[in-house]
Amino acid sequence: MALTKTHNRMIEGSSVNIVDFGAVGDGSTDDTLAIQAAINYANGENEVVIPSGTFIFTEIINKGILRGMGGTLKLKDNTCIDASVFYYLIHNFNSGTHTTSYSNCQYIDLIIDGNSANNTLFTVADTITASGENIVVSGCDIKNSPDSGIMFTFPEQGLCSNNRVNGCRDVGIYINDNETASDNFAAMTIDNILMNCGLGGIAIKRSLRGHKVSGNYIYSCGNGITHEFFGTGLGGWPQECTISDNYIFSCGYPQRAFSPVETGIYLGKFDNGFCVNNFIYDCSGIGIRSDGANYVIANNKVNSSSLVNASPTALNNRGIVVENRAGFSDSTCVINDNDVQGFRDFALSISSGKITINGGKYQSTDNGLNVASSSDKVYINDSYFKATSGTDYGVLLSALASNIVLNNVVSDGEGGGSGFAYGNTIGATYFYKNCVDLVSGIYDMKLSSGMPKSINSGTLAITGASSAVITHGLRLGPNRFSIVPATNSYWWVSAINSTTFTINTASSGNYTVYWEAEV
0 MALTKTHNRM IEGSSVNIVD FGAVGDGSTD DTLAIQAAIN YANGENEVVI
50 PSGTFIFTEI INKGILRGMG GTLKLKDNTC IDASVFYYLI HNFNSGTHTT
100 SYSNCQYIDL IIDGNSANNT LFTVADTITA SGENIVVSGC DIKNSPDSGI
150 MFTFPEQGLC SNNRVNGCRD VGIYINDNET ASDNFAAMTI DNILMNCGLG
200 GIAIKRSLRG HKVSGNYIYS CGNGITHEFF GTGLGGWPQE CTISDNYIFS
250 CGYPQRAFSP VETGIYLGKF DNGFCVNNFI YDCSGIGIRS DGANYVIANN
300 KVNSSSLVNA SPTALNNRGI VVENRAGFSD STCVINDNDV QGFRDFALSI
350 SSGKITINGG KYQSTDNGLN VASSSDKVYI NDSYFKATSG TDYGVLLSAL
400 ASNIVLNNVV SDGEGGGSGF AYGNTIGATY FYKNCVDLVS GIYDMKLSSG
450 MPKSINSGTL AITGASSAVI THGLRLGPNR FSIVPATNSY WWVSAINSTT
500 FTINTASSGN YTVYWEAEV
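Numbering (numbering that gives the first Met the number 0), first residue to last: 0 to 518.
Hints should not be assumed to be uniformly reliable.
Claimed, not checked - Using 20 angstroms as the maximum straight-line C-alpha spacing, the simulated EDC-like pairs for lysine to aspartate or glutamate come out as follows:
1. K376 x D329
2. K360 x D329
3. K300 x D329
4. K300 x D190
It should be emphasised that the hints constitute simulated quantities derived from the structure, not laboratory data.
Generate the whole structure from the sequences, applying the supplied hints.
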């Protein structure tokens, strides 16, 4: 294209305007060639601006700074029409193999309409694919994306901030790397707004290291944030990531496309990661689901509600779930000072692993805390657990091995179950100074052969008989009695079972007995 005076003026300034290269912006003309001509002319040395108007495109290859100045880029109707094709809509790849990129590219303040309704067949059709060193995607407004809104990929020292994605079939922002364990460092995804994204707000995958996901607002998406592991290469999952200070509202039903898509924050193989200070509200499935090695879940506020946890086929409505996954024999993590309320099944569920629980408040309809039989060396300290249903348990323990349970407050709700419930064996678990709020009172539980101790006592009048049956009101069958008559006589216990015991006297008469029983 011949250089005109207008082009001279634009190049001598700081920007190139796509209108000067023939872009019309009338909402019907295909402006792809004009947009690309402006980008090629600037050649990464000057920014290219999108002025007012609606500019139709099929593919744009960014080579430098692409900046919105009020105009809209709209994907052309029926561009994505083959279910087997990878469509790259707006990107900065510099080869047909899509493996290398122009460096230092930026996508600033763009307004993009992905025209999802008229582009339905594709393998990949992310609206922006931003890749390479020092990549920046900031201030963009993306709607109706046919696939993910932003694919933020190989983003070493990259920044994805202050963008808004409203409506996409996949994930609002997908943070991606390859599977060669290249370990791209020092990138951040912060302060974005993600709404109405079918499979999730933000997802992290493959060999990223040390990525920070913070301050994002995620509303009405399938999942909130997912830290994924998959693939066959060396970099099958991220490591040392921080997920903090995010606000996640109404994830799961009704946005989910299939049942697993209803988790506030999913942490798959979350090795050496931090999940802290997040707010998750109205989650229809699991608030935080995790596994991995040496990670921390702390100071999160996690809520469900009767509206969402009763939604059709809700997947395990639980607050925080710690589990083992393929490739791991033992998850290890610290869970500190979380506030979890309103879930249906469990507030905190430990499937297995060596877990430390310090502080926090965990309330659920069924059970405040559930510790599965495969768990070993679990430390539970200074926390509050409550089942809001009267027939369920504050803490449900199954066949525990060497664990420590101390200084906790446990409640069963109003009228029914008990503070603690146990499986067939407790093993070497140590209980000490747990305040248990039962229907019949509050008891201090001391160590007693690996079992919590509780005590009940009272008086009984025996009139005209030589025996009496006493309902002891304890969770387990008593193993010790203290029986004192008001007058001298001979007494003994003739029968013991799980709910009552029988006292016999030497002869019939009118007596008063004082008794105490414990387990």
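Evaluated hints:
no. : hint        : in the structure
1   : K376 x D329 : 11 angstroms, holds
2   : K360 x D329 : 25 angstroms, violated
3   : K300 x D329 : 26 angstroms, violated
4   : K300 x D190 : 19 angstroms, holds
Hints 2 and 3, counting from the list given before, are not met by this structure.
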